[in-house]
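Chemist: For reference, the chains in residue letters:
Protein chains: 2
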Amino acid sequence: MSLLNRFLGNPQNSATIAKERLQVIIAHERNSQSSKADFLPALQRELISVISKYVQVNLDDITVSLEKHGNYEVLEVNIVLPESTVGR
Amino acid sequence: MSLLNRFLGNPQNSATIAKERLQVIIAHERNSQSSKADFLPALQRELISVISKYVQVNLDDITVSLEKHGNYEVLEVNIVLPESTVGR
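Here the protein sequences line up with chains A and B, keeping their order.
Mapping of the first sequence onto this note's numbering: position 76 corresponds to residue 269, and the numbering continues sequentially without gaps.
Mapping of the second sequence onto this note's numbering: position 1 corresponds to residue 194, and the numbering continues sequentially without gaps.
For the record, the hints were derived by calculation from the structure and aren't laboratory data.
Bear in mind the structure is a predicted one, so any value in this text is a computation, not a measurement.
Misleading hints may appear alongside valid ones.
Here are the simulated BS3-like cross-link-like pairs (lysine-lysine), alpha carbons at most 27 Å apart as the crow flies [stated by the list, open to error]: (1) K246/A to K212/A; (2) K212/B to K246/A; (3) K261/A to K212/B.
A short, non-exhaustive set of chain A residues, derived as facing chain B with CB atoms under 7 Å [as the list claims (entries may be wrong)]: (4) R214; (5) V217; (6) A220; (7) H221; (8) N224; (9) F232; (10) R238; (11) E239; (12) V243; (13) S245; (14) E266; (15) L268; (16) V270; (17) V273; (18) E276.
Note that CB positions come from ideal geometry on N, CA and C, so glycine has one too.
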């Protein structure tokens with residue numbers, strides 16, 4: 194399809210065309226009475242470990258944020274995948 | 194952060210407010226030349242396995258969807274958590 198895209202007006206530059214990304218968002222909706230421990234940071238480490246079994250992940254290419262929005266705790270992990278390592 | 198909008202601005206009704214939920218969204222942005230195998234279904238099974246180490250998960254309380262949006266493959270897993278089993 195890459196040649197076709199040249200005709201279909203889908204300009205991609207060489208800096209971005211090769212990148213693939215994986216974005217993982219985990220939202221934990223807690224009810225107001227919840228006093229339970231927050232397990233998202235520990236879960237995050239295991240998730241990255243699991244993901245790295247499927248794709249080669251460089252730690253430098255991972256950005257993580259953990260935010261609270263009302264009743265939600267939201268863990269967001271963004272991973273830029275190296276070329277030719279997906280689906281190994 | 195557009196995926197985050199799926200969580201926020203999602204009003205709760207009285208029937209659902211007592212439940213805790215865990216929502217996992219994995220978006221794989223593939224480039225146009227990618228012909229690599231799709232690993233999201235396998236990743237999904239492992240993720241649920243990892244999550245079940247932290248919270249008690251009933252398979253009946255899990256809903257999974259896998260959709261394609263342009264260059265994105267989006268895996269969405271919704272888990273309703275039983276009461277008093279989070280953070281065990």
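Chemist: Confirm or reject each hint.
Modeler: Quick rundown of the hints versus the structure:
Restraint check for K246/A and K212/A: the C-alpha separation of about 19 Å stays at or below 27 Å, so the hint holds. With a C-alpha separation of about 33 Å, the suggested pairing of K212/B with K246/A is violated against the 27 Å cut-off. Proximity of K261/A to K212/B is assessed by CA-CA distance (about 18 Å); at most 27 Å being required, the pair is judged to hold. With 7 Å as the threshold, the beta carbon of R214/A comes within range of chain B, its nearest partner Cβ sitting at about 4 Å, so the hint holds.
Because the smallest distance between the Cβ of V217/A and any Cβ of chain B comes to about 5 Å, under 7 Å, the interface hint for this residue holds. Because the beta carbon of A220/A sits about 4 Å from the nearest beta carbon in chain B, less than 7 Å, this interface hint is met. For H221/A, the interface hint holds, since its Cβ comes within 7 Å of a Cβ in chain B; the closest pair sits about 5 Å apart. Look at N224/A: its Cβ gets to within about 6 Å of chain B, closer than 7 Å, so that hint holds up.
Interface hint at F232/A: satisfied, since its Cβ lies 4 Å from the closest Cβ of chain B, which is below the 7 Å cut-off. Taking 7 Å as the C-beta contact cut-off toward chain B, the hint placing R238/A at the interface is violated, the least distance being around 10 Å. At about 5 Å, the closest approach between the beta carbon of E239/A and any beta carbon in chain B falls short of 7 Å, and the interface hint on this residue holds. A cut of 7 Å between beta carbons decides the hint on V243/A: the least distance to chain B is about 5 Å, and the hint holds.
Taking 7 Å as the C-beta cut-off, the interface hint given for S245/A is violated, the closest approach to chain B being about 11 Å. Of the supplied interface hints, the one on E266/A is violated, with its beta-carbon coming no nearer than about 10 Å to a beta-carbon of chain B, more than 7 Å. Annotation: L268/A was flagged as interfacial toward chain B, and the flag is violated, the nearest CB pair being 9 Å apart, outside 7 Å. With a least beta-carbon distance of about 9 Å to chain B, the hint placing V270/A at the interface is violated under the 7 Å criterion.
A hinted interface residue such as V273/A counts as satisfied when its beta carbon comes closer than 7 Å to some beta carbon of chain B; here the least separation is about 10 Å, so the hint is violated. A distance limit of 7 Å between C-beta atoms decides the matter here; for E276/A the minimum to chain B is near 9 Å, and the interface restraint is violated.
Checked against the numbered hints listed earlier, the structure breaks hints 2, 10, 13, 14, 15, 16, 17, 18; every other hint is satisfied.
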